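A.B. asks: In order, the protein sequence lines correspond to chains A and B. Residue numbers 1 to 232, in this note's numbering, belong to the letters of the first sequence in order. Residue numbers 1001 to 1160, in this note's numbering, belong to the letters of the second sequence in order.
Source of the hints: derived by calculation from the structure; they are not laboratory data. Quick caveat, the model's predicted, so the values are computed rather than measured. Heads up, some of the hints might be wrong.
Residues from chain B that keep clear of chain A, each with C-beta distances beyond 10 Å, as calculated [unchecked claim]: (1) ALA1052; (2) THR1058; (3) TYR1070; (4) TYR1143; (5) LYS1152.
With beta-carbon atoms standing in for the labels, derived distance ranges [as the list claims (entries may be wrong)]: (6) B:LYS1047 to A:SER111: 45 to 51 Å; (7) A:ARG101 to B:GLU1117: 29 to 35 Å; (8) A:GLU46 to B:LYS1078: 34 to 40 Å; (9) B:PRO1064 to A:GLY114: 36 to 42 Å; (10) B:GLU1124 to A:GLU46: 31 to 37 Å; (11) A:ASP226 to B:PRO1064: 35 to 41 Å.
Cβ atoms here follow ideal geometry from the backbone N, Cα and C, with glycine treated the same way.
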Amino acid sequence: MSIDPLSEKYAHQSHYNFSENRVIDGRELEGLEVQLINPTKSASTEQQKVADQRIVNGSKNIPNSNTMITVTGHGSPKGMSNDVRGEKIRTAKQLNAVLNRNSDDWKNKESGEGMTVVLYSCRTGANEKKADGSNKADSFAQKISGSEEFKDVEVIAPDQRVYFSENGPVGTYEAEYAGANDEYKADAKDHSRSDTPGNWNVFKNGELIRSYQGDWKPTNNPSLMDKLTKEN
Amino acid sequence: MKSSNFFLKSIIISLLIIGCDKKEKDFPMNSTTSSDRDYYENLALTKGDTSAYYNLNTYYMDYPIEGILYSAIIMANKYEYHLAYLNVYEALTSQDHKIGVSELENLDKTTREIALEYLKKGAEKGNKECKRILGNHYLEGVYLDKDVVKGKQLLEEGEK
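Use the sequences and the hints to build the structure in full.
C.D. replies: The structure is reproduced here in structure tokens:
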């Protein structure tokens, strides 16, 4: 049982218990990584705890630099999930607040130019679709990149699911069990990836400026080889 | 010749096995399956477990949100969990609508009132996303009486 009996009295706090009840927003691993997945929720099935823990472990191996911040969390075309606070992130201001709380490099930047934010978060770089498959709204990543808070920042996000191994992110791929509108089929027993890569979309000031094949390792400084072999 | 064929086939089969094994070890970020969903739903609705309900909410990031409506109504009315109020609002306003048009536009009056009632309760319970959406409705003044002060305050609290 994981209910915190005081949670409604202390609505400003998380509903999950952490060590010594210290409430945090994300887990800052190396100063530049924001981890929004909580693999220790008491109600989670063993299968999900194992999966979440592997993602957390794998995210420690994501390469970064002092101008590239990575955010790992559950996502959809509409936004991200902050497992640690039990909240949703749907706007640029909400994500900006998370980054300000967790990254001194972000908080102290003088401008967005030269700064990159990578969202390891499923389909945050894909447009929302209507039931007939037509576009309903721009992706979360595109929306935030057009905001004042992310002015001149390059936002990199996947248009398919992000897969992880213990060694780190494998890339963004279509799910074996995805239906016509990219949603998992309702009876899917697992979410194994297919061999079809998605795309890492790069947005700046509200525009899609580049796109890379799903097995690319997102970086703010793509090599010549990346450009020759992975850029679409 | 026969032995070389056998050798070649063995290599191909081994590569296939290794390839399959590798894919099975890859975990998607959104890993919740339908059996996990049933487990979380049961735990949430019978015990009011907010952690289980949160996982259920995460599951519906990859499925049509209206699927959570039944659980969300129970979790809101019976256990007054802030996220459930938001999910009721999201489910009731999830129909396709034109870009740039409010999600409340195409709803009938009664459903719209129910959606707004849950949104207000979610905001009262401290859900930030409810506050943000509600704040915008007060600022726009289309479906609620315009109240700029209240709207700005809610918006600020919702985007902290």
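A.B. asks: Now look at each hint and say whether the structure bears it out.
C.D. replies: A quick look at each hint next to the structure:
1. ALA1052: Not fine: 4 Å to the nearest Cβ puts ALA1052 (chain B) too close to chain A.
2. THR1058: violated (5 Å)
3. TYR1070: holds (15 Å)
4. TYR1143: Answer for TYR1143 (chain B): holds, closest chain A Cβ roughly 19 Å.
5. LYS1152: Non-interface label on LYS1152 (chain B) holds, nearest chain A Cβ at 13 Å vs cutoff 10 Å.
6. B:LYS1047 to A:SER111: 45 to 51 Å: holds (50 Å)
7. A:ARG101 to B:GLU1117: 29 to 35 Å: For GLU1117 (chain B) against ARG101 (chain A), whose Cβ atoms are near 32 Å apart, the range 29 to 35 Å holds.
8. A:GLU46 to B:LYS1078: 34 to 40 Å: Violated - the Cβ-Cβ distance for GLU46 (chain A) and LYS1078 (chain B), about 27 Å, lies outside 34 to 40 Å.
9. B:PRO1064 to A:GLY114: 36 to 42 Å: Taking Cβ atoms as reference, PRO1064 (chain B) and GLY114 (chain A) lie about 40 Å apart, which means the hint holds.
10. B:GLU1124 to A:GLU46: 31 to 37 Å: holds (36 Å)
11. A:ASP226 to B:PRO1064: 35 to 41 Å: holds (36 Å)
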